[in-house]
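Peer 1: Put the two chains together into one complex; each comes in its own frame, and the hints tell you how they fit.
Letter by letter, the chains look like this.
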Amino acid sequence: MEEILNSLDGCQRAGAPDFFYTRLKAKMENGREVSTAQSWVLRPVYAVAALLVVLLINAVVIFSSNNNSSFEDKASVDTEVFQSIAAEYRLNDNSTLYDINQDK
Amino acid sequence: MNEQELIQGLRNADDTAFRYLVDTYKDRVFNTAIGIVQNAEDAEDVAQEVFIQVFRSIKDFKEESKLSTWVYRITTTRALDLLRSRKSKKRFGIIQRLFGEGNEPVHEIPDFNHPGVALDRKENAAKLFKAIAQLPENQKIAFTLHKLEDLSYQEVSEVMKTSVAAIESLMHRAKQNLRKILEKEKG
Numbered sequence: 001m002e003e004i005l006n007s008l009d010g011c012q013r014a015g016a017p018d019f020f021y022t023r024l025k026a027k028m029e030n031g032r033e034v035s036t037a038q039s040w041v042l043r044p045v046y047a048v049a050a051l052l053v054v055l056l057i058n059a060v061v062i063f064s065s066n067n068n069s070s071f072e073d074k075a076s077v078d079t080e081v082f083q084s085i086a087a088e089y090r091l092n093d094n095s096t097l098y099d100i101n102q103d104k
Numbered sequence: 105m106n107e108q109e110l111i112q113g114l115r116n117a118d119d120t121a122f123r124y125l126v127d128t129y130k131d132r133v134f135n136t137a138i139g140i141v142q143n144a145e146d147a148e149d150v151a152q153e154v155f156i157q158v159f160r161s162i163k164d165f166k167e168e169s170k171l172s173t174w175v176y177r178i179t180t181t182r183a184l185d186l187l188r189s190r191k192s193k194k195r196f197g198i199i200q201r202l203f204g205e206g207n208e209p210v211h212e213i214p215d216f217n218h219p220g221v222a223l224d225r226k227e228n229a230a231k232l233f234k235a236i237a238q239l240p241e242n243q244k245i246a247f248t249l250h251k252l253e254d255l256s257y258q259e260v261s262e263v264m265k266t267s268v269a270a271i272e273s274l275m276h277r278a279k280q281n282l283r284k285i286l287e288k289e290k291g
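If you're matching them up, the sequences are chains E and H in order.
Each step along the first sequence adds one to the number in the numbering used here, with nothing skipped, and position 12 is 12.
Heads up: take any position in the second sequence, counting from 1, add 104, and you land on the numbering used here.
Everything labelled a hint here was simulated from the structure, so no lab data went into it.
Since the structure is predicted, the reported quantities are computational estimates derived from the model, not experimental observations.
For glycine and all other residues, C-beta sits at the position ideal for the given N, C-alpha and C.
Just to be clear, a hint being listed does not mean it is correct.
Some residues of chain H that are not near chain E, with every Cβ distance over 12 Å (derived) [unchecked claim]:
hint, residue
1, 109
2, 111
3, 136
4, 194
No more than 30 Å apart at the CA atoms, straight line, and that leaves these computed lysine-lysine pairs for DSBU-like [what the hints assert, rightly or not]:
hint, chain 1, residue 1, chain 2, residue 2
5, H, 251, H, 191
6, H, 290, H, 231
7, H, 265, H, 290
8, E, 27, H, 194
9, H, 231, E, 27
10, E, 27, H, 163
11, E, 27, H, 166
Bound conformation, chain H alone (with noise of 0.2 Å):
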């Protein structure tokens, strides 16, 4: 199935297109969500989220890009509201023990194993995620679709609505951050 009769027949609400859709993407979606989120379940609601969002919205698609980029787009969308409204969660949790609510035990977020990463490098790898966590949303996000989904500058352009140099900057700025908090870790 080509992009146009992928995209014809989940207008058309079609189950089989519907279908292949997830099973081109998945992975895809999934890997994005989960180096974002850093959460093997959070990770699988936004990837359903997604999916959702792209049968609803495939009307409004107007295809100045790419299928996959606008799923992309969605991903990182759905992923960064997820991780926001974890924090506030935590900012309201934090309220209501300062008034004597909410007992609840505050449980630290344990340290993310990617499932991709070999054996040798989880280590290494697992303080670079938590140094990801981090970084602001773009640079995150830049860094994530490039070294994650491999992602060339201009194809993390597309995604972003912006400029490759634009990239260039976040990218070069993303590594001076993560430099700064590994030094502070190890310090």
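Same shape as in the complex, but just chain E (with noise of 0.2 Å):
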């Protein structure tokens, strides 16, 4: 067991591997380059050009709506005609021809 517990005494130090140096320095620089990819994203020019997509997607939507408004206004017009028609041939009366009895 002590022997086990011992084995690791005079044991000496395990190097790095060859040309660690320079595969770090290609880690590096790979490194480097994906962040640069990923930064053109983030300039002002797209920021900017995003922000008036947004907006233009908010006018559509808000005049948009201002369109179906005014449909149903049109809608509501169309109604008031119809009641009144039926209003002169008495089509929204409630009584019925089974009140017939009612007369006499």
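Peer 2: Right, here's the structure in full:
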């Protein structure tokens, strides 16, 4: 047991692999290229363009909702016309032919 | 280059200073990492991340400790991070297999042979490393820094930001746990 526990006594330090520095620098260069590629999105011109697109979409939505409300006005006018015609011909009258006996 | 010049050079992103840092510390970092992660490829990855982190955060180094102490601290932290991520990948793999996905065979990690161990001690050292892998994190770090890097209890306490008495206690418990684990493996 003690032999096992002491088996690391006098152990030599494991050396870093060959070309460690070269590979490290390559990794750092690759990391820099990736972050540069991603950073173009954050440039101000793209942020402003995105904002304008959002504003445009808002304007389209607002404009189209205004058009819908004028359609509703037209629909309400049509309803009034129908109702006046119905009233003239007593089509919306609740009394029916079945009230004939009422006159007697 | 003395330590002050090195730190100043690193802060100026001087390539010569960085090369000097890597040449001076790469074996210490690699040896510490391999003792904890017990795999040469992973240890190299950890070592690379350590130097990248040193380069990026040298401006945050307050010089309250030696540069070597700071480098050891980053190394042990990064190595433990890798162990934790390995553990969570293993857990996820088990869940995948429960749900019928992830049919890749589970590869058992082979016994670790530290390249610096003498030939006549390799077998015992492999058993010891297997037991070290089962220690709690703090005990693992203290034991590895003391036994593999030959740091004194004082130096280990500076790396782990604790007292010498705490390191003595950690080492005592580490040895007790290692004995228990080795007895169990023998049985």
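Peer 1: A separate judgement is required for each hint: does it hold in the structure or not?
Peer 2: How the hints compare with the structure:
no.: 1; hint: 109; in the structure: holds (20 Å)
no.: 2; hint: 111; in the structure: holds (19 Å)
no.: 3; hint: 136; in the structure: violated (9 Å)
no.: 4; hint: 194; in the structure: holds (25 Å)
no.: 5; hint: H:251 - H:191; in the structure: holds (25 Å)
no.: 6; hint: H:290 - H:231; in the structure: holds (10 Å)
no.: 7; hint: H:265 - H:290; in the structure: violated (36 Å)
no.: 8; hint: E:27 - H:194; in the structure: holds (27 Å)
no.: 9; hint: H:231 - E:27; in the structure: violated (35 Å)
no.: 10; hint: E:27 - H:163; in the structure: holds (21 Å)
no.: 11; hint: E:27 - H:166; in the structure: holds (27 Å)
Comparing the model with each earlier hint shows violations of hints 3, 7 and 9; every other hint is respected.
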